[in-house]
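Chemist: Top line first, the protein sequences correspond to chains A and B. Per this note's numbering, the first sequence starts with residue 1, numbered consecutively. Per this note's numbering, the second sequence starts with residue 1, numbered consecutively.
The set of hints was computed from the structure by calculation and includes no laboratory data. Among the hints, erroneous ones may be present.
[Said to hold, decoys possible] Capping the alpha-carbon separation at 30 Å, the derived lysine-lysine pairs in BS3-like fashion look like this: (1) K35/B with K123/A; (2) K264/B with K142/B; (3) K123/A with K142/B; (4) K264/B with K32/B; (5) K123/A with K32/B.
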Amino acid sequence: MRIGTAKQSYAHDESLFDTRTQWVWLGLLGVSLLLFPFVVDDYWLYLACLVAINIASATGLNILTGYTGLVSLGQAAFMGLGAYTVAILEQRFGTPAVLNLVAGGAVAMLVGVVVGIPSLRVKGLYLAISTIAASFILHFVFANWSSLTGGTGGMTVPPANFFGIPLDTSFRLYWLIVPVALTMLVCAANLFRTRIGRAFIAIRDRDISAEVLGIPLLRYKLTSFALSSFYAGVAGGLWAYFFRVVTPESFPLMMSIFFLAAVIVGGMGTILGGILGAIFMTMVPEVLKLIVGWLPLGSEGAVILSPVRTIVFGLLIVGFLIFEPLGLQELWRRVRRFFHLWPFRAQG
Amino acid sequence: MDWLYLLEISLAGIGSGGLYALTALAFVMIYKATKVVNLAIGEMLMLGAYLMFGMASNLGWPIWVAIVAAIIGSGIGGAIVERLAIRPMLGESPISVFMVTVGLSSVMIGLVELIWTADQQRLPEFMPSDPIMLGEAFISPKLFYGFLVAAALIIIALVVFRFWRGGVALRATASDQAAAYSVGINVPRVFSLAWIAAAMIAAIAGIVVGSIGGLSSSMGVFGLSVLVVVIVGGLDSVLGALVAGLGIGLLESLAGGYLGGEFKLLATFSTLILVLMIRPYGLFGTHEIERL
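One chain only, chain A, in its complex shape (with noise of 0.2 Å):
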């Protein structure tokens, strides 16, 4: 709740933003995301690019994870599906990009509802193991089905066609990647403020009181897996235009943790969560990149910049969990709140 925001009307009150100061921040940002491609080199929009894939990809993995309380170790895979959809939609038939992408996001889907079959009986650590084996089971359909695929080898993607103009660079791309995810957050932001993002709500909080106040399990639960892999899937294919290359290889079980580590890290259950941890998450392996390269090692920096990311990378996860469990969206609440309050002292 802020201060000094006296709703009026019901429009108002269930408005997204509520005062002008956001109005006011959220121009800054769009602003600043329409100019940024254009003061930056090669390096910061690729990362750009790459965050933003991974805020679209942990986005969905939040509604499953943060909002539905069932945690998938599956969200790697579904990127797989979707940008194995795109490779293959683009190559064979060279159908428009964002046809391409809801295709994506539509297979991942479909096989997102089946792997969800199992939530109805199976809930919490089993359900994870269950998407591990999901994740498992369609890796070697990726490897094998090389008449589709390509095997292990994999397949290129060519560029998407934005009519006429191929989108070959991190340039480029940063205008069709970024505008995706920034629609894909609005639409999750607002799925929570319906009744089905409710329901999704209630399931996580008691999925038996939740059943016992109406709400159908079955249905609810499997909506959430289809949304969470249709935003999964939408990744892969961007993920598919980004790097130009899919091989079985390119979706290991350590993305899935990884994703599942940027909504512990950011938050769960909050779209700030989301967002917050993929960039964090993004950001830190390219920090240790640079703290190594300072340090005087010599060649041995290289050598050892990989296990220290690893390492890394766990401590953040236990760390979190340990000292934050409400994630980086709890810190960027509180030193909001201090300004809020400033000149008074933010108690909690």
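We have chain A; now place chain B onto it with these hints.
Modeler: Same frame as chain A, now just chain B:
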């Protein structure tokens, strides 16, 4: 149908199944005592094997000393992990604790790669290498002795937990925590004990697995098969862990022998999904009744 081939493959499968059963026992021990689903079990295995490798190859200690030191070292490691990472999570949701173990596994992989690099390593030989013939079927000696070690250890563990005071305390804690407190059992110490014992068992399994298949930082994948074993057997059932361990070992070996190596994981994970669909709490697990 080549019966000899089938027999040999089945024997190999039962051999590796013994190792699955052993590791699954370590897993179930932690789960029963502390209700933690430990995804890092494969990495604990790996760490034990690497400790032994470090002491035997890098420091040049005699092999048996190295093995004992590695087991003790792993036990200490288990205690540290429990105290620093698991204890603060008491009372948190099981999913958070599960994710802590995921993070821990990543830390362990990183540590191993940092110290020993990500390259494949070979453990020094310490098991007799004469071929073992069972009738006409040939069994790889390492697998055979590995199975013997696993079987012996499982029996020792079961006996210890039946008759030793600490073992009784552990079982008491597993069946009812509040009741265990009220009869004067130091429950937090039981938690430590479970982690230490599990880490030591995992280290032994790791040394055997490492001497059969070599060491690498991706050895933790073994843990995924163990995860399947415990889910199929039922998370909280020792009997389930043993039966499912042998079963999954056999299945993997048959799938690998007749369909090709890439079908191994496919077979185990398909079984997992099938079991989850039919008996969501595993073959021998207890079906928890939820109350509002």
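Chemist: Now tell me, hint by hint, if it's right for this structure.
Modeler: Quick rundown of the hints versus the structure:
1. Restraint check for K35/B and K123/A: satisfied, since their Cα atoms lie roughly 15 Å apart, inside the 30 Å limit.
2. Pair hint K264/B plus K142/B holds up; C-alpha atoms about 20 Å apart against a cutoff of 30 Å.
3. Distance hint between K123/A and K142/B is unfulfilled; the C-alpha atoms sit about 39 Å from each other, more than 30 Å.
4. Proposed proximity of K264/B and K32/B is supported: the alpha carbons are some 29 Å apart, at most 30 Å.
5. A threshold of 30 Å between alpha carbons decides the hint, and for K123/A with K32/B the separation of about 18 Å falls inside it, so the pair holds.
This entry does not satisfy hint 3, going by the numbered hints stated previously; all others are met.
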